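Chains A and B, in that order, are what the protein sequence lines are.
Using this note's numbering, read the first sequence as starting at 98 and increasing by one per residue.
Using this note's numbering, read the second sequence as starting at 603 and increasing by one per residue.
Since the hints were made in silico from the structure, they are not lab data.
Bear in mind that the values here come from a model prediction, so they are computed numbers and not experimental data.
For each residue, glycine too, the CB sits at the ideal point set by N, CA and C.
Warning: the hint list may mix true and false statements.
Stated by the list, open to error - Anything over 12 angstroms on all C-beta distances counts as not near chain A; from chain B, calculated: (1) ALA660; (2) PRO680; (3) VAL684; (4) LYS685; (5) ALA742; (6) ASP777; (7) GLU789; (8) THR790; (9) ASP803; (10) ALA809; (11) ALA814; (12) GLY873; (13) MET977.
Said to hold, decoys possible - Sample of chain B residues at the chain A side, in silico, Cβ under 7 angstroms: (14) ASN679; (15) GLN806; (16) SER944.
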Amino acid sequence: MDLSFYAQLLLNGIVIGVIYALVAMGLSLIFGVLEIVNFAHGEFYMLASMLAYFLTAHWSFDYWTTIVVVTAVGLAVGYVLFEGLLLALRGEAFERSILLTMGLSMVLQNGAVFLFTTTPRMIETPLSYQNVQLGEVRLPVARLYALILGVAAFAALYLILHHTRLGKAMRGVAQNRAAAMMVGIDTRVVSRLAVAIGIGLSGLAGAALAPIYSVHPLMGFAFVFKAFAIIIIGGLGNVSGAAIAAVMLGVIESFAGGLLPLAMTDAVAFIAMIAVLLLRPQGLFGRGVRV
Amino acid sequence: MISLRLAITALLSGLFASTALAQSPIVIGASTPLTGPVSHYGQHARWGSELAVEEANAKGGINGRKIEIDFQDNRCNPAEAVKSVTQMLATKKYAAIFDGLCSSAALAIMPLAERAKVPFIIANASATSIAEKSGEGGNAWTFKVNPTDASMLDALVGWLDKEGKADSIAFLGEDTDYGRAGSGGFETALAKRGKKLAMADYSQKGAVDYTAALTKIKARKPGMVALYLIDADFQNGIKQWYTMGGGIPLTGRVLVEQVPKEILASGFIDGTISVQPYDVSVDTPANKEFVDRFTKKYSAPPMLISFESYETISILIDAMRRSGDASPDKIRDALTKTKYQSMLGPMLEFDNHNLVHNNAIVFGIKGGKVVILGMSKT
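One chain only, chain A, in its complex shape (with noise of 0.2 angstroms):
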């Protein structure tokens, strides 16, 4: 094998890394703020590509224009989520928000059935078709966009968490509820934002990888069964611990699946997380602080 096969390797395993990142950012976010996992963080993926596929093939929206409709759509979906179901969880049991986002998931993926029958669907726009080559390394470009968007969602995230008084009071509310609220912060806008956040960038990498990926109604779970992984790896509900577990794993799963036989690749990430909570229950980068 020459190094541009070594190259290609590292080049795929960054972009799928960074793919993992964009779904598994927003669930770590809701983690860490309201303490739910969003069993139906999927499915909110699934309707986003959905939706970029409809505005794409049918409404003729380019790349752009879809990108933001749709993850303007998700932020609002987000708000309507939490006023409309998570505030009537607020203090109550950790099981019940499990039971209540894995009826959704189930509601909204045999809705998504019912509506648009299982048939998977392609985009089909010449930006699904390019790419850039470097030597015998290629990189289509809808997987360099959605690098670009991955990695810009992480910075203008990062930045809103550790440098403006909104992300100081969501970490205010994630490190201690009961604190942030005496000392004046209003905990349901917080949560309010982080889950219309969160569920925005699950829209994101709808609206971004819908041209890259087959979409259909059962979409959903391939991602999101990796993500959960990933933000037990990256320190459940720190964000940046997420994001950076998300690239090593795509990596390493890309390594292995072009070195191993391709079974091994997610034998990798679910022995990676087994690893992890027997080494560092905490996961690789928590610290006991959420967010």
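Assemble the complex: chain A is given as a structure, and chain B must be docked to it using the hints.
Chain B only, in chain A's frame:
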């Protein structure tokens, strides 16, 4: 007086009972993926079989009795298939069980049908082991209408060998009975000609990213690539192969109807030589009529799954008609004596492994278009 009343009551209840029996529908139980990664295929299985049932009912059903087909979801999962068929068999209202669709599911259903002594007729599952375990010396209640992977791949590899293209084939398939039967079929057919696969790798069903595996295949520079993925997995695989500039023709069972038009038209997979039990463009009057009827009803053209389901249910209904009372044992006996004119040409009969040998279609892709290279009996 009392005895007269009793006699009238007995006569009337006898009449009602016989009318009810005459009017009670004959029910076929179907286990197929209605949800999960291959539910799109399940939908076509449903469409094809429901069209056959509808047409048979329009012709009066079976001795005045309507035919019904009751679908249960198996998610392409053997455990779910066992659950759905066990429930169906427990009610004892089903005259026959249909399909499973996925090889793993069909293999799991086979012993259940045998124990319950209910015919199990398979339209789509292609694993060779199904036929090996059926008929003489095996499961006498399982019947398989579509060709096995081994028989199709033997025809394909023979064709490739004739053209000097069988020396270096890389295989990427889903890690299921379908994928494993594909690689097994290739290995057997190649071994007969003193050759072997250049490499074989298997992905988890429902995987979305194949870039690592495709990078590995590309680096090995094989002459052809056999991609044994289906539905959304196939679409993802072929798109990623294209954007990575794969540049190696495909072989095996290429799902041409699922190749994006832009990729097909670009000539990227020109040189592909594949085999399928069916192609929508088969030029026989019966197939053309079928395509018209199907497209009119469902606003979508039939695909392999819909064709196989249609013909299989038609064969089952034909056996039910010949069986007399449509009881499971008589349907089984009638199935063994089947003579059914396929839309693809041959007169179909079950062999001693309860397997039908229809034509397979060897096709190629030239100038971005599908070209039928020939038919080969499986």
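Outcome of the hint check:
Against chain A, the non-interface label of B/ALA660 holds: every CB pair exceeds 12 angstroms, the least being about 26 angstroms. At roughly 18 angstroms from the closest C-beta of chain A, the C-beta of B/PRO680 stays outside 12 angstroms, upholding its exclusion from the interface. Non-interface call for B/VAL684 relative to chain A: holds, since the shortest CB-CB distance, roughly 22 angstroms, exceeds 12 angstroms. No Cβ of chain A comes within 12 angstroms of the Cβ of B/LYS685; the nearest lies about 18 angstroms off, and the non-interface call holds.
Distance check on B/ALA742: its Cβ is at least 35 angstroms (rounded) from any Cβ of chain A, clearing the 12 angstroms threshold; non-interface status holds. For B/ASP777, the condition that its CB be more than 12 angstroms from all CB atoms of chain A is violated, with the nearest at approximately 6 angstroms. Every C-beta of chain A lies more than 12 angstroms from that of B/GLU789, the closest at about 16 angstroms, which supports listing it as non-interface. For B/THR790, the condition that its CB be more than 12 angstroms from all CB atoms of chain A holds, with the nearest at approximately 21 angstroms.
A Cβ of chain A approaches the Cβ of B/ASP803 within 12 angstroms, the least distance being about 5 angstroms, so the stated non-interface status is violated. With a least CB separation of 7 angstroms from chain A, B/ALA809 falls inside the 12 angstroms interface cut-off, contrary to its annotation. B/ALA814, annotated as away from the interface, has a beta carbon of chain A within 12 angstroms; the closest lies near 3 angstroms. Listed as outside the interface, B/GLY873 is consistent with that label: its C-beta sits roughly 19 angstroms from the nearest C-beta of chain A, beyond the 12 angstroms cut-off.
The Cβ of B/MET977 lies farther than 12 angstroms from every Cβ of chain A, with a closest approach of about 29 angstroms, so its non-interface assignment holds. Contact between B/ASN679 and chain A, as hinted, is not supported at the beta carbon level, the nearest pair being about 13 angstroms apart and thus beyond 7 angstroms. For B/GLN806, the interface hint holds, the least distance from its beta-carbon to any beta-carbon of chain A being 6 angstroms, beneath 7 angstroms. A cut of 7 angstroms between beta carbons decides the hint on B/SER944: the least distance to chain A is about 27 angstroms, and the hint is violated.
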